[in-house]
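Visitor: Sequence:
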Amino acid sequence: MKLFLKLFKFFLRIFAISFALVFSFTALQKIELGQRIGKGLFYLKGYYEDSEMVGGELRTKIVTEQGPGNLMIPLFVGLLITIIYIVYLTIKAKQGGRT
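Taking this note's numbering, the leading residue of the sequence shown gets 1, the next gets one more, and so forth.
In case anyone wonders, no lab produced these hints; they're calculated from the structure. Be aware that a few hints might be false.
Under the rule of at most 20 Å between Cα atoms (straight-line distance), these lysine to any residue pairs were calculated in the SDA-like manner [stated by the list, open to error]: (1) K39 with Q29; (2) K30 with Y47; (3) K30 with V63; (4) K6 with Y88; (5) K2 with I83; (6) K6 with I86; (7) K2 with V63; (8) K39 with S24.
If you're wondering where the values come from, they're calculated on a predicted model, not measured in any experiment.
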């Protein structure tokens, strides 16, 4: 159980760091109208015009949206680095802790 908690804390640390990095990256990106960053689950940010009919009048507004990639990328990075850490701990344990 202690190992599970240790790994979970490690995962949360990596997730928090990568979340901050991804969010900072997307906030600093200047994109033009109609552009997108990423696709599918890794879609980060989009900037486009949205039109709607209100009272017989067509109104357009500019929309900036955040995609699911802002969470999926940090989750993926956290999982990948945690798996690498587990492999490292397993190899270290099989060698008897020798360095």
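Visitor: Now look at each hint and say whether the structure bears it out.
Guide: Hints versus structure:
For the hint pairing K39 with Q29, the CA-to-CA distance comes to about 16 Å; that is within 20 Å, so the pair holds. For the hint linking K30 to Y47, the alpha-carbon distance of about 10 Å falls within 20 Å, and the restraint holds. For the proposed pair K30 and V63, the alpha carbon gap of about 14 Å is at most 20 Å, so the pair holds. For the given pair, K6 sits about 14 Å from Y88 by alpha-carbon distance, which is consistent with the 20 Å threshold.
Straight-line distance between C-alpha atoms of K2 and I83 comes to about 17 Å, which keeps the hinted pair within the 20 Å bound. A threshold of 20 Å between alpha carbons decides the hint, and for K6 with I86 the separation of about 11 Å falls inside it, so the pair holds. Distance restraint check for K2 and V63: the Cα-Cα separation of roughly 46 Å exceeds the 20 Å cut-off, and the hinted pair is therefore not satisfied. The straight-line distance between the Cα atoms of K39 and S24 is roughly 19 Å, inside the 20 Å bound, and the hint therefore holds.
Checked against the numbered hints above, the structure violates only hint 7.
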